[in-house]
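*Asks:* Residue numbers (this note's numbering), protein chains in the order written: chain A, 5 to 663; chain B, 5 to 663.
There's no promise every hint is true.
Identical copies carry no separate label here, and so any pair may be met within one copy or between two of them.
Here are the simulated SDA-like cross-link-like pairs (lysine to any residue), alpha carbons at most 20 Å apart as the crow flies [said to hold, decoys possible]:
#  : residue 1 : residue 2
1  : K637      : L220
2  : K466      : G581
3  : K552      : T540
4  : K552      : P604
5  : K441      : P453
6  : K650      : H74
7  : K555      : D29
8  : K650      : N62
9  : K509      : I269
10 : K417      : N234
11 : K510      : A589
12 : K470      : Y203
13 : K417      : I286
14 : K23       : Q545
15 : K470      : D576
16 : K637      : N62
17 : K466      : D576
18 : K543      : K555
19 : K417      : F58
20 : K466      : S580
21 : K653      : P128
22 : K417      : I395
23 : K121      : E354
24 : K642      : N62
25 : K483      : L473
26 : K125      : R108
Hints were generated in silico from the structure; no laboratory data involved.
Note that the structure is predicted; figures quoted are calculated from it, not measured.
2 protein chains.
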Amino acid sequence: SVNPDLANERQTASFSVEKLTVWLDGGEERTRIRRAVVEAIESDPVFSRENQYFQTQNERYEAAVRKAVHLQKKMHEMGWTENGPEFKYIYRALSGDVAFLLHRIFMRSISVLGSDKQIAKWIPLAAQYQLIGSYAQTELGHGTYLQGLETTAVFDITTQEFILNTPKISAVKWWPGDMGRSATHTVVFAQLYVHGKCYGMHPFIVQIRSLQDHSLCPGIIAGDIGPKMNFEHIDNGYLMLQNVRVPRENMLNGFCEVQPDGTYIRRGSQQINYFTMTTVRISLISDEVVIPLMKACTIAIRYSVVRRQSKLKPGEEEAKILDYQTQQDKLLPQLAAAYAFHFINDYLQELLDRGYREIQRKNFDTLPELHAFSSGFKAMVTQYCTSAVEICLRACGGHGYSLLSGLPSLYTKILASCIYEGENTILLLQTARFLIKCFTAASTGQPVPPSVTYLAVGEAGKCPAKNKLDFLCPDIYTKAYQHMAVRLISSTAAKLQDLIQSGVKKYDAWNQCTVQLAQAAKAHCHYITVKNFAATVEKLQTKAGIQKIMKHLCDLFALHGIFSNAGVFLHDGYISGAQMDMVTASYLDLLAVIRKDAVPLVDAFDFTDKTLNSALGSYDGQVYQRLYEWAQKSPTNKQISPAYEKYLKPLLHNMLSKL
Amino acid sequence: SVNPDLANERQTASFSVEKLTVWLDGGEERTRIRRAVVEAIESDPVFSRENQYFQTQNERYEAAVRKAVHLQKKMHEMGWTENGPEFKYIYRALSGDVAFLLHRIFMRSISVLGSDKQIAKWIPLAAQYQLIGSYAQTELGHGTYLQGLETTAVFDITTQEFILNTPKISAVKWWPGDMGRSATHTVVFAQLYVHGKCYGMHPFIVQIRSLQDHSLCPGIIAGDIGPKMNFEHIDNGYLMLQNVRVPRENMLNGFCEVQPDGTYIRRGSQQINYFTMTTVRISLISDEVVIPLMKACTIAIRYSVVRRQSKLKPGEEEAKILDYQTQQDKLLPQLAAAYAFHFINDYLQELLDRGYREIQRKNFDTLPELHAFSSGFKAMVTQYCTSAVEICLRACGGHGYSLLSGLPSLYTKILASCIYEGENTILLLQTARFLIKCFTAASTGQPVPPSVTYLAVGEAGKCPAKNKLDFLCPDIYTKAYQHMAVRLISSTAAKLQDLIQSGVKKYDAWNQCTVQLAQAAKAHCHYITVKNFAATVEKLQTKAGIQKIMKHLCDLFALHGIFSNAGVFLHDGYISGAQMDMVTASYLDLLAVIRKDAVPLVDAFDFTDKTLNSALGSYDGQVYQRLYEWAQKSPTNKQISPAYEKYLKPLLHNMLSKL
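Same shape as in the complex, but just chain A (with noise of 0.2 Å):
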């Protein structure tokens, strides 16, 4: 039975859950396949995730090669192929606890990178899983500054074989998943030299496990990194290479190729790589990041209705916190960002399409714009919702410290996102290079792309708002984030100028701007961010019961932002002390507004129990019989455990004196 104090939150939605579900999956088909994807996944016993919190890293590898090898089964059963409509939803409704991500990853350098030829050799035995491939890139020494990596391939001419070595420590290739304890192949990079010259990063496929017994190829050291925050599952591996030979053919040679005499030849753009870490940024901002913020508000906020907590009015029974301005505060916000990047992800998504099109026609004229967006928004929306997860759990208490409610392993998971596939202040900083470069020209009347045009819109003015209702105004608070993103780009485009002038060198001058940068590329996104959620609800008109709070979310996710951000609008006087009291008083408004619908909008998302795999957030909000029950399955209740015999018994025997 559900919990009365959670079903009454449901009885009262302004909406139909149902119809938000479906809109937000892009239509009743899609909504349909992902609910037959999570159901025959759920429904298959190996791959339960019921004990992962309770299992060791050894437990959790091995029950992710389970589960890949299992996969590969069960997509052969229920007729799901890699280009189905109901692929995305596998890793979805696995929630990623499954091994083999760097073997496509593999694939897809293979089929980027790699010559017709190659591509024709290595991808069927990597699809048919005669091999097991890892990448290789990343290496003790060096992460995001490729240029710096270490690892050598020198072309011995003579045997037309290139010749692996990690010449020293920080060369160790280090994190590659799948390449602890798995891989037999992985993609390595390394400086390519070829008679003493270093022609810079190139890929190889290397074998360095034998597809026999296993054992480690000749000239291979390789093993597991050890413990980590989260990715227990995936056995995260490092590799040393001594004099490892790979023939001449094995260097994936789609670009560029030495020949049997030693020639380097280049060929072809290599523009295209950019594309490729673009497509990856974006598509993680969706699996890795948004959803684990939607999983986290839904577990927080069922939570905070069935939580009861000391008396709001005297003499009444103890109120749900979710009543307590302070609570609503700190999750609503959350709610309405997750909505805010589940919509900028589908903006992201429509920009890529529209350049891979371009693309295909030989026009890559919209790839800076592509990074620069890719980079910014992995930044942006990485570090906002692990905040915002961060958030969610505190915002639980003691239950959301406990592995048992959930919040623990999306916090440590989603934090790693602001990590990998580039840090995230190095990425800021190449979006603010973009925007500085689109600035300068914008403002000598040169072109620009579209989504920066308003770079050029020099405006100087006030915000017009003269009571807090007119900060419900979309066109009100977007023109004051558009404001504040120009200020702060076109003042540190001012201070980048000016210390150039005045003689400092040109990299030193932009190191002593870098923190504004950063500043000014958060800000640009956060711009982007919410004139894309306006125009969203704006598109909306038709469905007018989820238009109605998807506009309710949308002035919260903007004057929220204003609100904690008050400095960078204040500054220059463009919104006043007192319109800022305008803002703070619609956006606590709006905080009770929200709150009467904040079970729907999380029920919307469709989570099952089974995919939450969280004690506090489940459906029927049974939270306090959960936590006990599962607490009983735990291994610390499993055994008694021999610290009684070997060290209380002989303590409380009074055997103090002996010990």
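Starting from the structure of chain A, add chain B where the hints point.
*Replies:* What follows is chain B alone, placed relative to chain A:
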């Protein structure tokens, strides 16, 4: 040998590291004692934390009990006593990785709440470990709101016993440390009923496990609550009571008593209870919050001068990441905060000592102030330092995410400090209540405690700074903080007043102001922290070498606070936009100045490598070598995973169809 990049950093220190260490310790004698304790603990293999990151929850628990028992022997050997000067360094040297901490709380609660007779009976038993105690307050359904606890204790006049019960699932005791697997006794907080009348929360000593064979006593259901984000070494437990009878003498009756005929007598002041909570909240700031932040800073800053990545200047070697302004912006404010909160801890200790002297003279006047300060600072410092540790972790990229960096466990542990000993938001609101009361009193000319007399200063005015150097004047920025705190408190008081006058019920009005009240309470604590830092630097006059760098840190802490909370300073124009640019400029300048002393400043915290337990943070900076060697010891490298024979081999041998 020390990594030369790290060694270089130590040659240019602007001050004597040893002198700073001694000053932070509070004198040479203390430094000597601290080092002796650390040496004695770390040279004893029983206390080793070397394998901690590889251990399961069961293993961690066993190790913590082993250490706790061994510690008794060690203390005896070394001649250390609970009242000796060494004692406070022991827990620190163990990094808290030891059992029986709640046993200590058990003893303290008896000492504070028990009668002389009860103290005489139980304390010697506990001190001799003839029993192991715990402290059962929190329930599944109630934490900080103690009045809501649901466990019952009904006085049975016929047998002169109390009958304790867990009437429903939400009343199950949940979280008490040492209770899951170790404790034989506990202090249970329950609602006292005599003749059907409820007298509220009272503490009862209850035996839960046999002293003979450790089996659960009749009517007791107890166990471990399972996996948590950290504290694996502690057996946080649950407890259900089913008609458990304890004799009348087991109610702790220092302040109240149930007489044989059922007459309930209350005697003495219960205010002293608040004092206990106050003491605990203040005492945790140093060991559980500031020291972990100091460790995180040490790890992240040492790593940041060893890690080289990308180039600042074309053609040069790769730059130390601490030379990037963005990395300085991440780490140096956290370093300044560690110092700021070390000093605020001294301030609070002094306040506490003064208060205690008054209480001993039966003067309870300082209690409200003490309670408000301990609540507010507990909340503000734990929140600030938790974020700071997270920033340190993220600033170390992928390697920070490895447990071997030491940062994940520092983070997951410090995070709990935001929750235990009072949920932070609730604590801030208690501080706010005190501030609003004082503000109202001050406005009407009534006397207020010395720490809040500033609330009477209703100056409007503007910040007088004319250029960026003016913002290096402590008087300028301290005044700005003061003005900001007064404004936030007074404007919220006004809003509260307005709401009430417009007819809103008092409790509703309060709830509608809580977001702003919490913000005001934080502003107050931030102001006091800045003021106290400035005063501490001021007093340092004679120690010139140290004073200069402390002054820089104080400036940095203050200006970073203004820079990153710009809105509250700009709001009423006290600081103008142009002045905010000066703040930003001064702040960024300071980063470059303090960067030069960053390593000496963390060296001065004087943590041994064993204390840090970090592959990234050790004194010699041999980061990559240590990560590599440490990973070899991981259980993931100790055995061939059964996953190979079970899943990988069949897969690779192309038996997919037979699976």
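*Asks:* Any hints from earlier that this structure breaks? Give me their numbers in increasing order, please.
*Replies:* Structure breaks hints 9, 12, 23.
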